[in-house]
Amino acid sequence: MAPGDSDRTIEPGRSLERDKVCTHCHDENDPTPMLVIYQTKHGVRGDPRTPSCQSCHGESTDHVKNKAGTSTRSKPDVRFSGTNKSDAEAQVGKCVQCHESGKRMNWTGSQHQSRDVACSSCHTIHAPRDRVLTKSTQPEVCYTCHKTQRAETHLISTHPLAAGKMGCTDCHNAHGSTGPKLLVKNSVNETCYTCHAEKRGPFLWEHAPVVDDCSTCHTPHGSAKTPLLKARVPYLCQECHSGDHGAQVDSAANLAGGNVTTVNGINPLANAAARAQLAARACLNCHVLVHGSNHPAGAKFQR
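In terms of this note's numbering, the sequence shown is residues 78 to 380.
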């Protein structure tokens with residue numbers, strides 16, 4: 078301790094007994110206030126699970142004792158911020174001593190772990206409120222790295238992240254996942270069905286792209302085409318439906334005998350005149366149940 082440190086008083090109830098040696102120096106006058114940690118789950122008095130300063134920062138004997146008596150002490154063994162912070166592996170190693178199960182069981186080998194992301198890259202421990210744990214502030218933490226997704230959420234069609242009604246962790250598990258893209262479920266569809274249960278099925282008439290992957294048609298973070306579509310209808314549909322499905326159906330005026338050609342070609346084309354029946358119209362005007370239908374006559378998703 079620096080001269081005079083032993084005479085400093087510690088406000089009762091502001092620290093754990095075993096932390097007093099640290100709080101002699103580290104208090105609210107630090108650039109990063111320290112004592113507010115006792116307003117968090119990491120500073121609950123009377124809970125035997127509550128860690129001490131040394132639980133996270135290591136024994137840090139040289140830092141504490143300062144045998145050389147210098148005004149500038151050596152750094153703690155494990156440092157979570159500043160220009161001399163410890164590497165990600167050392168930081169995470171301290172956190173997983175307690176936080177190793179549940180949502181964190183797939184951390185090893187995850188995308189964030191392999192890119193040297195540390196827990197403190199997202200979490201703020203010495204703060205009464207961790208921004209990443211609140212839906213209204215969480216996205217801004219993620220956007221620090223995921224700038225493309227930030228731009229997408231400002232498009233006209235988005236999930237309600239800006240309104241604070243959902244957060245990134247409603248779909249993604251930042252600590253690791255057995256599914257793609259760090260999704261909370263094992264597949265894109267299972268993740269989407271968490272909220273969009275009415276699209277789950279099973280349906281009497283299934284639409285293959287829907288069963289396969291929601292992202293075949295939708296982009297989750299934001300789109301200029303409502304609702305979160307990758308392209309406007311009918312162009313989106315025409316990526317799969319070619320031939321009669323991909324072009325406009327003839328009007329009676331273009332056909333000998335006045336019979337309108339149906340999309341499945343029951344009434345064959347009478348000539349090669351330009352098709353007009355569906356010009357400038359959306360497939361969804363007729364095929365309203367594109368996610369699947371339970372109607373006995375719903376094979377074409379029209380009812």
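Simulated from the structure, these hints should not be mistaken for lab results. Treat each hint with caution, since some may be false.
Said to hold, decoys possible - DSSO-like cross-link-like pairs, simulated, lysine-lysine; straight-line CA separation at most 30 Å:
| id | residue 1 | residue 2 |
| --- | --- | --- |
| 1 | Lys144 | Lys118 |
| 2 | Lys162 | Lys118 |
| 3 | Lys118 | Lys262 |
| 4 | Lys307 | Lys377 |
| 5 | Lys162 | Lys144 |
Each hint tested on the structure:
{"no.": "1", "hint": "Lys144 to Lys118", "in the structure": "33 Å, violated"}
{"no.": "2", "hint": "Lys162 to Lys118", "in the structure": "23 Å, holds"}
{"no.": "3", "hint": "Lys118 to Lys262", "in the structure": "28 Å, holds"}
{"no.": "4", "hint": "Lys307 to Lys377", "in the structure": "22 Å, holds"}
{"no.": "5", "hint": "Lys162 to Lys144", "in the structure": "23 Å, holds"}
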